[in-house]
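Visitor: For the sequence shown, this note's numbering begins at 216 and goes up steadily by one.
The reader is advised that the hints may include incorrect statements.
[As the list claims (entries may be wrong)] What follows is a list of derived Cβ distance ranges for each label pair: (1) 225 / 373: 56 to 66 Å; (2) 269 / 337: 56 to 66 Å; (3) 417 / 217: 26 to 36 Å.
I should point out that these hints are in silico values taken from the structure, not numbers from a laboratory. Backbone N, C-alpha and C fix where the C-beta goes; we use that ideal spot for every residue, glycine too.
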Amino acid sequence: MSQSVERALGILPLLARGPATLGAVADELGVHKSTALRLLRTLHEHGFVYRQADGRYRLGAQLFALAAEAIENLDVREIAHPHLVELNRATGHTVHLALHQDDEVVYVDKVDSRYPVRMYSRIGRPVPLTVAAVAKLLLADLPAAERRALADRIDYPRYTARSTPDAAAFLSELDLVREQGWATDLGGHEESVNCLGAPVHGPDGRVVAALSVSAPGVVVAAEGLLELLPQVLRTAEAISRDYSGAQEST
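Model the full structure from these sequences, guided by the hints.
Guide: Okay, here's the thing in structure tokens:
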């Protein structure tokens, strides 16, 4: 039975590349055509494979329906929370998770710092788009035309001397974030607070959320916070694997 399941699962990646004949399926699996036909018929009965008029097979509607339902019901906050708690335990600093909703980036989870001096933030509260590390990560993943349109319609408050001044600077920053795969806010919103963030990717590679570690300068200097980058990236990658259901590479 396990061999049949393994063979049936082996058909799906082949058909994901496009319709295939019975012979091609048999060759891919290394089995006789009668065995391949039996597997295809079973998959067809359950809607995972569809036989076209030309005799070739392609992926069926049931497979897409299940995938859409699974993605819709995935709660990235629930999946990420244990990882955020562990990152907080390891670093001691405030950890946030944020999502992009319309023209806002909103904190959806937070684990507070263990230090007496903490930064003020609240779950459900929008973050400043032009300076927050999590906002840069989420907006940098938008298609180029959407990034430009967003940059042209938002305001650029001067929270501090380090705040992003205009659309050109903002787009340049987003380009850098896309290239390096992480982001910072080093005193751009509050002079005394620094943040370091990393993206959480979904099954299709798009950024579905962003996490950050934040700390006041009196607790750790910006240089010290940046030393946590490998740990922050590993946490984001672990959340991405759990969210996507991917196996860890070896």
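Visitor: Taking the hints in turn, state whether each one holds.
Guide: Right, here's what the structure says about each hint:
Distance hint check for residue 225 and residue 373: the Cβ-Cβ separation is about 58 Å, which falls inside the suggested range of 56 to 66 Å. A beta carbon spacing of about 58 Å between residue 269 and residue 337 agrees with the range 56 to 66 Å that was offered as a hint. Roughly 30 Å separates the CB atoms of residue 417 and residue 217, a value that falls within the hinted 26 to 36 Å.
Comparing the model with each numbered hint stated earlier shows that all of them hold.
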